[in-house]
Structure formats: C-alpha cells, structure tokens
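Build out the structure end to end from the sequences listed, making use of the hints.
Going down the list, the sequences are from chains A and B. The opening position of the first sequence corresponds to residue 20 in the numbering used here, with each subsequent residue numbered one higher. The opening position of the second sequence corresponds to residue 20 in the numbering used here, with each subsequent residue numbered one higher.
Read the hints as simulated data drawn from the structure, not as lab findings. Among the clues, some could well be false.
[Unchecked claim] Here are the in silico distance ranges between beta carbons for each label pair:
| hint | chain 1 | residue 1 | chain 2 | residue 2 | range |
| --- | --- | --- | --- | --- | --- |
| 1 | B | Asp190 | A | Glu437 | 41 to 49 Å |
| 2 | A | Ile361 | B | Glu289 | 38 to 46 Å |
| 3 | A | Ala387 | B | Pro408 | 56 to 64 Å |
| 4 | A | Glu289 | B | Ser366 | 34 to 42 Å |
| 5 | B | Lys42 | A | Gly116 | 37 to 45 Å |
| 6 | B | Gly455 | A | Thr74 | 28 to 36 Å |
| 7 | B | Ala438 | A | Glu256 | 21 to 29 Å |
| 8 | B | Arg193 | A | Ile400 | 35 to 43 Å |
| 9 | B | Gly142 | A | Thr274 | 55 to 63 Å |
| 10 | A | Glu289 | B | Lys42 | 36 to 44 Å |
| 11 | A | Asp211 | B | Ser366 | 53 to 61 Å |
| 12 | B | Gly142 | A | Lys69 | 48 to 56 Å |
| 13 | B | Gly192 | A | Ile400 | 29 to 37 Å |
| 14 | B | Ala355 | A | Ile57 | 55 to 63 Å |
None of these values were measured; they are calculated from a predicted model. Glycine is no exception: its CB is placed at the ideal position from the N, C-alpha and C atoms.
Spelled out, the chains give:
Protein chains: 2
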Amino acid sequence: MKAVKIGVLGLGTVGGGVVNVLKRNSKEISRRAGQEIIVASASARDLSRKRICDTTGIHLTTDSFEIINDPEIDIILELIGGTGLAKDLVLQAIENGKHIVTANKALIALHGNEIFAKASKKGVMVLFESAVAGGIPIIKAIREGLSGNQIQWLAGIINGTGNFILTEMRDKGRDFDDVLAEAQALGYAEADPTFDVEGIDAGHKLAILASIAFGIPLQFDKVFTEGITKITRADVEYAEQLGYRIKHLGIARKTDQGIELRVHPTLIPERRLIANVDGVMNAVLVQGDAVGPTLYYGAGAGAEPTASAVVADIVDVVRVLTSDPENRVPHLAFQADAIADIPVLSSEQIKTAYYLRLNAEDKPGVLAEVTSILANHNISIEALIQKEPIEGETTVPVIMLTQTTLEKEMNAAIIEIEALSTITGSISRIRVETLG
Amino acid sequence: MKAVKIGVLGLGTVGGGVVNVLKRNSKEISRRAGQEIIVASASARDLSRKRICDTTGIHLTTDSFEIINDPEIDIILELIGGTGLAKDLVLQAIENGKHIVTANKALIALHGNEIFAKASKKGVMVLFESAVAGGIPIIKAIREGLSGNQIQWLAGIINGTGNFILTEMRDKGRDFDDVLAEAQALGYAEADPTFDVEGIDAGHKLAILASIAFGIPLQFDKVFTEGITKITRADVEYAEQLGYRIKHLGIARKTDQGIELRVHPTLIPERRLIANVDGVMNAVLVQGDAVGPTLYYGAGAGAEPTASAVVADIVDVVRVLTSDPENRVPHLAFQADAIADIPVLSSEQIKTAYYLRLNAEDKPGVLAEVTSILANHNISIEALIQKEPIEGETTVPVIMLTQTTLEKEMNAAIIEIEALSTITGSISRIRVETLG
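As structure tokens, this is what we get:
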C-alpha cells in the first residue's frame, strides 16, 4: 500500500485531536482511503509543551515553513488559526503544490476567494469541512449532496457557545452574564467572548455556507451580525409562552431582490426540530427547491468532532490524489467561472417577522397609539400580550408578534414608538422566523 | 460547454421527478457540474400514459435495452424498480461501460455485491444515494463525511409510511388499522403494505447503511425484521407516560461479538431529536467514535426529494467523469479488497432493553412470580407500572421497562411468564434503546 504524508501546522486542541484520530482509526481509514496516511511532520510554537497526542515518530519543528517547503509532504493541515501567519503559510504551500486541509473559518471567510483562485491555478485542493459546524459534514451535504437543488434558504445554529448560553437561560431561568461566566469557566467560551456572543464567528461560517449554497463569492463584510447579549430572561420566558424558542441563527436566503446574510437571535416555533437543538450542539437546516427541508445535526466544536471533519477532508484528497484537477469537486461547490455576484441586501432590505417587548404606561389609549404607528408602517400584529402591572410599577410589559415586514419599516416604527411619552425605555426586538 | 447524455429507464414518479428537476434547475446544475446534462432518451412500458414531466426533445421508447445499448448515452438512470428486469439492465449497461445511478434499494440490498464487483471490473460508477432515506444525503455523509470515524452504531427512521402511522397513532389516539387505511387512501402506503409495515423496505435500506458504515458485504438475508402491526394505542400511551416515543427503527451496531442488524418498533426517550421526527419524514442518527452523534433529517420519499438525490449522484458522476477509476470514492465506502466479513449476530444474540406489557390477575403474589422469573434470567427491572383494574375485569395491565439483556434470556423468560396461570394472553414486548 502506498503512503500519503501529512504535515500538520499547529498541535493544539484540533491538531492533537487529528493526530489521535489518524492513529487510533488508522486501519479503518486506510480501508476507506486505499492508502496509508502518515503524519510525517508537525509544527508548534513551543515544543516542550505537553500535548494531548502522542508525537512518537513525528518530526517536530517550530518552523512551519520547514514543513510546507518539504518536498516529501503531500497534504498540509493548517490548524494554526488566525489570518496572518496562517494565510502566508497556506498561500506558500499552494505555491509549492501541496493540497490543503484547514479548519480556519476566518481564513476562508476573509481570504477564501484569493486562496481558491490560487489553488485552482496550481491544480491543488483546499478543503475546509471542519471550518463550519465542527464534525457535521454540512459543507459536503450542500456542495455535493444537494447539488440538484436551487437552495432557497438555510438557517443554522453554528456557534456552540451561544447555543449553550441560550439553552441554560431557558432550562434554568438564568441570566446571560451568569451563564457566560460559567461557559468561560468550562472552557466553552473564550476569555474575550466577543467573537462568539456577538455573532462574528457565526458570521464567518455563514459567509462560507452562503457561498457554496448560492454560488456567490465569499463576502463576510456583507453579513449583518447581531449578538445575544441583550436577550433577557424575560424574553426567553415570553417567547416560551408564545410557543417559541430563542436561538442565535445564521440565516442566508435567496430572494428576488438579492441575498439576505444575517446572524441574529431568532424566535422559532418550538415544534421545529432545530428549536430543540440544545447545549453546545450545532445544526443547520437547509431548504432546497426539490428536496424540501433537510437538517444536519452534531457537535460543532471540540478536538475529536473537529478532527472527524479534518480527517474526512484528508480522505477526500487521498481518494482523488492523482486525478487531474478537472475531475474534482469545485472548491465553492460551483465551478470557479460560474460564481455569480448576486447582490447582498442591506439589513434595511431584510424581510422578517418580529417579537417586540415594550414598557407602556398602564392606562387606556396607549396600545391604540402603538398599534396605529405600526399600521401606518404596514406592519400587521399577529399576537399581543399585555401583562398585569407589577405592584408599585406604573408601566406594564407589552409583548407583540408581528407579521413579516421590511426591516426599514420596523426601524422607523420603533423610533416613533420610543418617542411616545407613554412608552418607557427602549423597545426590545427579536426577529421571528417560522422556518417552515 | 460539453454535454453529458442521460438515459432514463422508467418514467414513473421518480423518473418524472428527475426529468423535471434536471430541466427546472439546469442552469444551477450546470454551474455546479461544469457540464450540461441532457436527458437524451427515456423508456416506459406504456408511452401513451400521461406523465408528470414534459418529454419534449427526449427520445422515448418501450425498449430499455435500446437505451443501454446506445453508444451515445453516458449515464443510465435505473428507476424501474424490482430485481428482475432492473438487474438485467444494470448488469448489461455496466458491461457496455455505462455509469449507473439507481434508486432501487431492493436491487442494491440483494444484488449489490455482484453489481459493484462487475462495475469495478469495468471501471464504471454505480451510485445509489436515493435508495436510502430519499432526499437526505445519508450515503454520502457516511461514505465520505464520516470517513475518519469508526462507526459504532446507527439508527434510522427509514420508512416514511411506518412513521406516518405511528405519528398518527400518538397524535390522535388512533388505531393501527384505521391509520393504515388512511395512508393507503393518501397514497403513502401501497395496496399491499407488507414491505412498509413489516420492515422489509427498511431492512433493505439498513443492509445498505450497515455495509457502508462497517465495510461489510451487503447481506439483507441476515437483517432481523419485526413490523409495527402489533403496536396498540395502549402501548403508544404507556410509552408516553414513561417518557418515551415508539418509532420503527433500523438499527445497525458493531459489538465485540459481531454486528447487530435489526428493524423493529423501538421505545426511545422523548427528548432525543430523532424521537421528534414525525409524519412521513425520515432521519438517521449515526454515532462515530470521533464525531459522536450526528443526525440527518429530511423527506424520505416523493418525486422531488428522490430526484434531488438522483441528480446529486449524476453531478457526482459528471464531476469525475474522465478520472481514472483509482481516483474515485469506492462504491461501498471501503475499498473493494478491504470489505471484511464480520459475523452478523442472530436475533437471540442481540442485547437491548425491553418494554413489556402483560395482563395479570389482580391478586397478591402475581408480580412476585413474574419478577422472580425475570431475575432468574438476570433481567433487571428499571420501571414498573401496575394499572388500576378496569371495572368488571379481573386482570390488570402491568407495564415494565427492563435493563439491557440478551434477547435469548428474554425469549426464555417470556415463555415462562406466559405459562403462569395468573397471566392472561400473550406478552407485548417492544425493544427500548436510549440512543445516547
């Protein structure tokens, strides 16, 4: 049996996980790939650090360039992260004719167009299954499994930290800050949680999913992102009373006007399967015109689930290693010359329904003022709950669900409602999607 | 742009759906495949019959052999069904050097080993994504997306008719016969529903899934099948009271002793995502050693969802059309020479937990007799409910959940319990899986 030689850049959680999986499952993997897969070299910043994997037999170096310049190496795993050194290494490795497998969502979302163009020119493959939703083979599902469809929309829980926080808030009636602190202690959330809770990480992943779903360039800069930091325990409870769950979703939708790319907290009907994806788990719901709705569920992070996707990419490369580049699946699902620059809509052009929560003075006529402002903006109300006043308070919480409207109209309506003397504080609004 | 020519054998629901999808999405599909895909010829038994698709520009014939012998045709779609003519056509088409895409689960489950051996010899591809779980890309997920894993087990709702019946029984408190009659009227179930409700159809699909998951030959004859015809409304209700749902599952599990292949009604905890897959929808839960649990959900039947999977297979073939056969994904996920003949366990060797329902005389000591028989067979009881006697009845229903046991022990225990003079009628037993 021939052997394929791998060079691993970065021996942290993911790199260590990959080395472990390749070793533990080597027999099973060779039976599938038809060739032995050997980790020949690996780089790390500090070689003295304790590893989660056994590095016996692996040439170790602190110099990643040594690995990408080694003519013996067939496939480079870029598991360093970030968009600085990682980008330089990937571009140089492609230049050197190496195939690339990367778990780096930021690198693909921000520099993928350049990387894939160079890879196509050099006739090498760059695979990135592990960059989105960890171990779930969602890139493959969309790129290959649904290739007969016009993808109409997709919606994903693609950040495990955010989903863990929202799940805890609902299950245990806890506050956002409290759960975030626990998530940090458990190692689910970074010391700086901005990327997770503000939707940046999910935005990177959404840019990738949208590109392969619709055949458009990668364009993270056009993704609208809103975090979950303003979601309160009260919102979670009111949503529940209305039959909804709040999830932090990445949504990409193709409309006649253009493409919506948005990450935000979202009310979804509790009977939807994706509404019941809890804790750190991820799931992506994809709607194709032929297949209808399909859902893909699994672990979105962690050493072994991420390694599962990295190794699947390696096997994919090995299985077609000596094929001519014409006989390969295109990087972004669509042929490079068939990528279309369909306009991405601004947030004001997005159409969605809304959950609104406001504090109104508890006296006649207040609701009439609010509802007439909404009506003037052509916003219909689907449901309305006015709570009993809490003793000693002069205002009452009012919760509304609206029908689908243009975000621009909602923005204008909210400004007018907040200006009413009978309304206290600012209005909480959360978008609502039926996903049906 | 080059054009690939398709010959469609069978223009029924699936064939018509494929022609429609290829036409409607031709632009999108060509952007992905890099080549135009043209339906050049199609065969049908009766050319005068009204079709769900437009056949303008397609050469029609009643003679399928004319199509497989046409040197202009690159890919044959076998959508006739059955294992007689379909088998002859597929083998001859392979002999003629054609690539094959088929939706025929019985053909693959029963004759796949022979078909793939011949295809490998002739260097052609035979793809069958649509044979299992309709539009869900589950074959691709297991064969490629999870190739880094040792698959430990999988469990699927892979027959939509059966799931529709069980869902209606639960949601509306209806009886099996009543719902089956409706399913037949709605066209979900065949006039002869045996294949669906007795688990034969699910057994075919399970044989295919197990083969690609574990790298074993296709062996439908070793699948244990039990239908849903004996499930009563009472079982559905008691299961619910215990926190479970009843689903008709296909389960394949790799144990140290060998492989379990079984289709039967199963109690699963209601909080599991797969317990909430309702109506005609399908889902497959796959447990890999690295990735953990992953779930794939979507429509398991119907013209368009099935066409989605057929077209994905066509695009897969087109994308690697001129590659040498060494640079392709192996038919059964594992390289042909790496298929291992791991023993399949008999039903007596299966280990699972049980739900038992029996009618016992309402007097002291009866339960002690029953539980001591179970104890003698090393079967532990997890939960026990004894219902109040219905007025005028001298027996009471007793419901038990046991811990995991060897099926052989349970068979023996049931014979002994049924022989007790204090027990009336036969014992209902349903297997229980936690799937966690």
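Hints, one by one, checked against the model:
1. Roughly 43 Å separates the CB atoms of B:Asp190 and A:Glu437, a value that falls within the hinted 41 to 49 Å.
2. A hinted range of 38 to 46 Å holds for the C-beta pair A:Ile361 and B:Glu289, which are about 42 Å apart.
3. At about 60 Å, the CB distance of A:Ala387 to B:Pro408 agrees with the hint of 56 to 64 Å.
4. A C-beta distance of roughly 39 Å is found between A:Glu289 and B:Ser366, which places it inside the suggested range of 34 to 42 Å.
5. At roughly 41 Å, the beta-carbon separation of B:Lys42 and A:Gly116 lies within the given 37 to 45 Å, and the hint holds.
6. Checked against the hint of 28 to 36 Å, the pair B:Gly455 and A:Thr74 passes, with Cβ atoms roughly 33 Å apart.
7. Remark: the range hint 21 to 29 Å for B:Ala438 to A:Glu256 is contradicted by a beta-carbon distance near 55 Å.
8. For the pair B:Arg193 and A:Ile400, the supplied restraint of 35 to 43 Å holds, since their beta-carbon distance comes to about 37 Å.
9. Between B:Gly142 and A:Thr274 the CB atoms are about 45 Å apart, so this pair departs from the stated range of 55 to 63 Å.
10. The hint said 36 to 44 Å for the Cβ distance between A:Glu289 and B:Lys42, and at roughly 39 Å that hint holds.
11. Under the hint 53 to 61 Å, the C-beta atoms of A:Asp211 and B:Ser366, about 55 Å apart, fit the expected range.
12. A beta carbon spacing of about 49 Å between B:Gly142 and A:Lys69 agrees with the range 48 to 56 Å that was offered as a hint.
13. Distance hint check for B:Gly192 and A:Ile400: the Cβ-Cβ separation is about 35 Å, which falls inside the suggested range of 29 to 37 Å.
14. Between B:Ala355 and A:Ile57 the Cβ separation comes to about 23 Å, which falls outside the hinted range of 55 to 63 Å.
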